[in-house]
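Residue numbers (our numbering), protein chains in the order written: chain Y, 199 to 487; chain Z, 540 to 919.
Any given hint could turn out to be false.
[To be verified] Distance condition first, Cα-Cα at most 25 Å in a straight line; then the derived BS3-like pairs of lysine-lysine:
no. : chain 1 : residue 1 : chain 2 : residue 2
1   : Z       : 714       : Z       : 562
2   : Z       : 839       : Y       : 441
3   : Y       : 441       : Z       : 806
4   : Y       : 330       : Y       : 289
5   : Z       : 637       : Z       : 599
6   : Z       : 650       : Z       : 674
7   : Y       : 208       : Y       : 224
8   : Z       : 746       : Y       : 441
9   : Z       : 562       : Z       : 746
10  : Y       : 289       : Z       : 650
11  : Z       : 620       : Y       : 441
12  : Y       : 330       : Y       : 208
13  : Z       : 562       : Z       : 620
14  : Y       : 441       : Z       : 650
15  : Z       : 562       : Z       : 739
16  : Z       : 594       : Y       : 441
17  : Z       : 599       : Z       : 562
18  : Z       : 674       : Z       : 714
19  : Z       : 594       : Z       : 674
20  : Y       : 330       : Y       : 426
21  : Z       : 739       : Z       : 714
[To be verified] Listed next, the stretches of chain Z that the computed footprint assigns to chain Y, with coverage defined by at least 3 CB atoms under 8 Å from CB atoms of chain Y:
no. : stretch
22  : 750–763
23  : 787–801
Hints are computed from structural coordinates only; laboratory data are not their basis.
Ideal Cβ placement from N, Cα and C applies to all residues, glycine included.
Residues per chain, in single letters:
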Amino acid sequence: MSIFIDETTKVIVQGITGRDGSFHTKSMIDDGTRVVAGVTPGKGGGSVHDVPVHDSVAEARAATGADTSVIYVPAPFAADAVWEALDAGVKLIVCITEGVPVADMIELHAAVEASSSRLIGPNCPGLISPGKSKVGILPGSIHIPGRVGLVSRSGTLTYQVVDHLTRAGIGQSTCIGIGGDPIIGTNFLDTLEAFEADPETDGVVMIGEIGGTDEQEAARYIQNSMKKPVVAFIAGRTAPPGKRMGHAGAIISGSAGTAAEKTEALNAAGVPVARIPSEIPNLMTRALA
Amino acid sequence: MNLHEYQAKEVFAGFGIPIVAGKVARSPEEAERIAAELGGSVVVKAQVHAGGRGKAGGVKLAADAAEAKAKAEEILALTIKGYPVRKVLVVPAAEISKEYYIGVAMDRAAKRPVIIASAAGGVDIEQVARETPEKIHRFHLDRPGSFHSFQARRVASKIESDSAVAVRIAGVLEKLVRAYWASDAGLAEINPLITTPEGKVIALDAKMVIDDNALFRRPNLAAMREETDENAAAAREMGLSYVPLDGNIGCIVNGAGLAMATMDLIKHFGGDPANFLDIGGSSDPRKVTTAMRIILSDPKVEAILFNIFGGITRCDDVARGILDAFKDLDVRVPVVVRLTGTNATEARAMLAASDALEPAETMDEAVKLVLARAGGRTGA
Chain Y
199 MSIFIDETTK
209 VIVQGITGRD
219 GSFHTKSMID
229 DGTRVVAGVT
239 PGKGGGSVHD
249 VPVHDSVAEA
259 RAATGADTSV
269 IYVPAPFAAD
279 AVWEALDAGV
289 KLIVCITEGV
299 PVADMIELHA
309 AVEASSSRLI
319 GPNCPGLISP
329 GKSKVGILPG
339 SIHIPGRVGL
349 VSRSGTLTYQ
359 VVDHLTRAGI
369 GQSTCIGIGG
379 DPIIGTNFLD
389 TLEAFEADPE
399 TDGVVMIGEI
409 GGTDEQEAAR
419 YIQNSMKKPV
429 VAFIAGRTAP
439 PGKRMGHAGA
449 IISGSAGTAA
459 EKTEALNAAG
469 VPVARIPSEI
479 PNLMTRALA
Chain Z
540 MNLHEYQAKE
550 VFAGFGIPIV
560 AGKVARSPEE
570 AERIAAELGG
580 SVVVKAQVHA
590 GGRGKAGGVK
600 LAADAAEAKA
610 KAEEILALTI
620 KGYPVRKVLV
630 VPAAEISKEY
640 YIGVAMDRAA
650 KRPVIIASAA
660 GGVDIEQVAR
670 ETPEKIHRFH
680 LDRPGSFHSF
690 QARRVASKIE
700 SDSAVAVRIA
710 GVLEKLVRAY
720 WASDAGLAEI
730 NPLITTPEGK
740 VIALDAKMVI
750 DDNALFRRPN
760 LAAMREETDE
770 NAAAAREMGL
780 SYVPLDGNIG
790 CIVNGAGLAM
800 ATMDLIKHFG
810 GDPANFLDIG
820 GSSDPRKVTT
830 AMRIILSDPK
840 VEAILFNIFG
850 GITRCDDVAR
860 GILDAFKDLD
870 VRVPVVVRLT
880 GTNATEARAM
890 LAASDALEPA
900 ETMDEAVKLV
910 LARAGGRTGA
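Extracted from the complex, chain Y is given alone in its bound form (with noise of 0.2 Å):
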């Protein structure tokens, strides 16, 4: 297993003729994905990369049967293609593009969760399962299989630490990037659940950052009704508060959304929070023990 995609996951790649997406689908398919089909408005019968080109996701869904999407469309428009894979029945979202404004979130969000589909993004690296499948943009170089799971709100800190993990020998059930926006379709309370539901899950790093409550929540959840180990690393302890670091989350709004808040949680609900990335494995092999 793994959670969310595996060997048998079929992608559509919307925003295939771009230059992300192109570029893309080409690395999906080196690490092992089934990409059977892209859509771009106005340029169905094409091909790219070999994969067909369709105009839109019911016609690529209905020519192959695929029930997962990754969006590499621009920002403007990246809102209305996951309302277009929401609307085709496509069961596993998954948008890569940054940037979208927060107001076409509001209403597509509330449309996801009243549907039986899962979004993940906007503006996140995607997930792999290593050996498997990748959806997204994470190099898949630098992971190897194995028994633990990854959940991240950034991207190359998702990379950093998977690479701490390699080097020490702890291969990956699945690693996943939920994106650094305010509003996201997936967030770690859903990603934990199904790490603790994966029978080929032992344990789980879970790395997060300054802004918003969903550490805290996650927190609940692990302390609550989690029986596998979770270790955890919070970045942006020497972010100044009101200053927008990067992703358009990661801000500390008057006292709330801090590190040290995030961090407390966590230990209360009994998780080992690493100092420093490279402390990650360490407490990982620990856990598991």
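Given the coordinates of chain Y, assemble chain Z onto it according to the supplied hints.
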């Protein structure tokens, strides 16, 4: 993006919210002229992107034009929470019978906006929420157009028992909600909303924060941006996220999470970061040279650390940018470079020839090395 009070008032007025019309002055003389035109007593208000202006001495009452000039001179000399005051708003003084708070803000936990209303206006609303939460009333919004007049009246009736006044407050609230949606705001706030002895309802102050991600479709609001800082302007132009800090270690990193973690690591090993800087996910060497230029303009910087984990970002492109920067700029501080991931081998080969650069293998090593070069302690 934060709007100044006078800009937010302009937006609110466009939606029919009653405001007291005033004018912006950049000098004491200009403030004097405006006060003379307005006649009577005026209020001189600092226009800065910082809260707590009143407490910091940034809002002053003046009885006439001569006093307005004197007060403007005092206020224009202030720096409030690190922001030098460059402009003041001069408005006619209003007579206040009652003060309320109304605002619309993004509620992250609920994933939708929330109206906040309170009869305790004119003070710090976070403090009211902490100390007397029963004085705060909330109402969540689902989508543009979903907020009806009867709901506005219901919210208003919670903060004003005189129904004739409550109806007028409800009218302002509806307009505020419309302004919030139509501006792609993350915050639209009136504190205080006042009633005058004649029973008029007026927005005495105004605050708006606009979603940066939506500025592409709000050109009239995007045009209100004022870059007071040359570096911030250069960074924005190149698509870099840059936040200056107080330390001496300049950092250039790809990705916001890794950039924050790099700052944390510098602090962990006993140093102080000079900045947050995320070059983003693209591989444009010009981004790297711009980042170097910005960081070198900070006289506090004693050493620079590159921490790049190549994914979409190609390490060889970053290396090209670093070499270009050394050609174009006068680099007099040590530079430590840690590159790993996509095309890192090519990048290391390109940089090997340069004596000015010190390579580091891991993130921890890189941070320790840059601290040693800056003369910092390598503790922990």
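Hint-by-hint comparison with the structure:
1. Distance check on the hinted pair: residue 714 of chain Z and residue 562 of chain Z sit about 23 Å apart at the alpha-carbon level, within 25 Å; holds.
2. Between residue 839 of chain Z and residue 441 of chain Y the alpha-carbon distance is near 20 Å, which keeps this suggested pair within the 25 Å criterion.
3. Straight-line distance between C-alpha atoms of residue 441 of chain Y and residue 806 of chain Z comes to about 18 Å, which keeps the hinted pair within the 25 Å bound.
4. With a C-alpha separation of about 18 Å, the suggested pairing of residue 330 of chain Y with residue 289 of chain Y holds against the 25 Å cut-off.
5. A C-alpha spacing of about 20 Å is found between residue 637 of chain Z and residue 599 of chain Z, which places the hinted pair at or below 25 Å, so the restraint holds.
6. At most 25 Å may separate the alpha-carbon atoms for a hinted pair to count; residue 650 of chain Z and residue 674 of chain Z meet this at roughly 23 Å.
7. About 15 Å separates the Cα atoms of residue 208 of chain Y and residue 224 of chain Y, which keeps this hinted pair within 25 Å; it holds.
8. A C-alpha spacing of about 17 Å is found between residue 746 of chain Z and residue 441 of chain Y, which places the hinted pair at or below 25 Å, so the restraint holds.
9. Our distance criterion of 25 Å between C-alpha atoms is met by residue 562 of chain Z and residue 746 of chain Z, whose separation comes to about 17 Å.
10. Simply put, residue 289 of chain Y and residue 650 of chain Z have alpha-carbon atoms about 21 Å apart, close enough for the 25 Å limit, and the pair holds.
11. Distance restraint check for residue 620 of chain Z and residue 441 of chain Y: the Cα-Cα separation of roughly 13 Å lies within the 25 Å cut-off, and the hinted pair is therefore satisfied.
12. Proximity of residue 330 of chain Y to residue 208 of chain Y is assessed by CA-CA distance (about 11 Å); at most 25 Å being required, the pair is judged to hold.
13. Note on residue 562 of chain Z and residue 620 of chain Z: the hinted pairing holds, with a Cα-Cα distance of about 24 Å set against a maximum of 25 Å.
14. At most 25 Å may separate the alpha-carbon atoms for a hinted pair to count; residue 441 of chain Y and residue 650 of chain Z meet this at roughly 21 Å.
15. Of the pairs offered as hints, the one joining residue 562 of chain Z and residue 739 of chain Z holds, with about 21 Å between alpha carbons and a cut-off of 25 Å not exceeded.
16. A C-alpha spacing of about 21 Å is found between residue 594 of chain Z and residue 441 of chain Y, which places the hinted pair at or below 25 Å, so the restraint holds.
17. Restraint check for residue 599 of chain Z and residue 562 of chain Z: satisfied, since their Cα atoms lie roughly 15 Å apart, inside the 25 Å limit.
18. Using a Cα cut-off of 25 Å, the hinted pair residue 674 of chain Z and residue 714 of chain Z holds, with the two alpha carbons roughly 23 Å apart.
19. Between residue 594 of chain Z and residue 674 of chain Z the CA atoms are separated by roughly 23 Å; this keeps the pair inside 25 Å, and the hint holds.
20. This hinted pair checks out: residue 330 of chain Y and residue 426 of chain Y have alpha carbons roughly 23 Å apart, not beyond 25 Å.
21. Between residue 739 of chain Z and residue 714 of chain Z the CA atoms are separated by roughly 16 Å; this keeps the pair inside 25 Å, and the hint holds.
22. Counting residues of the stretch 750–763 of chain Z whose beta carbon lies closer than 8 Å to any beta carbon of chain Y gives 6, which reaches the threshold of three, so the coverage claim holds.
23. A count of 9 residues in the stretch 787–801 of chain Z with a Cβ less than 8 Å from any Cβ of chain Y is obtained; the coverage claim is therefore met, three being the minimum.
Every hint, counting from the list given before, is met by this structure.
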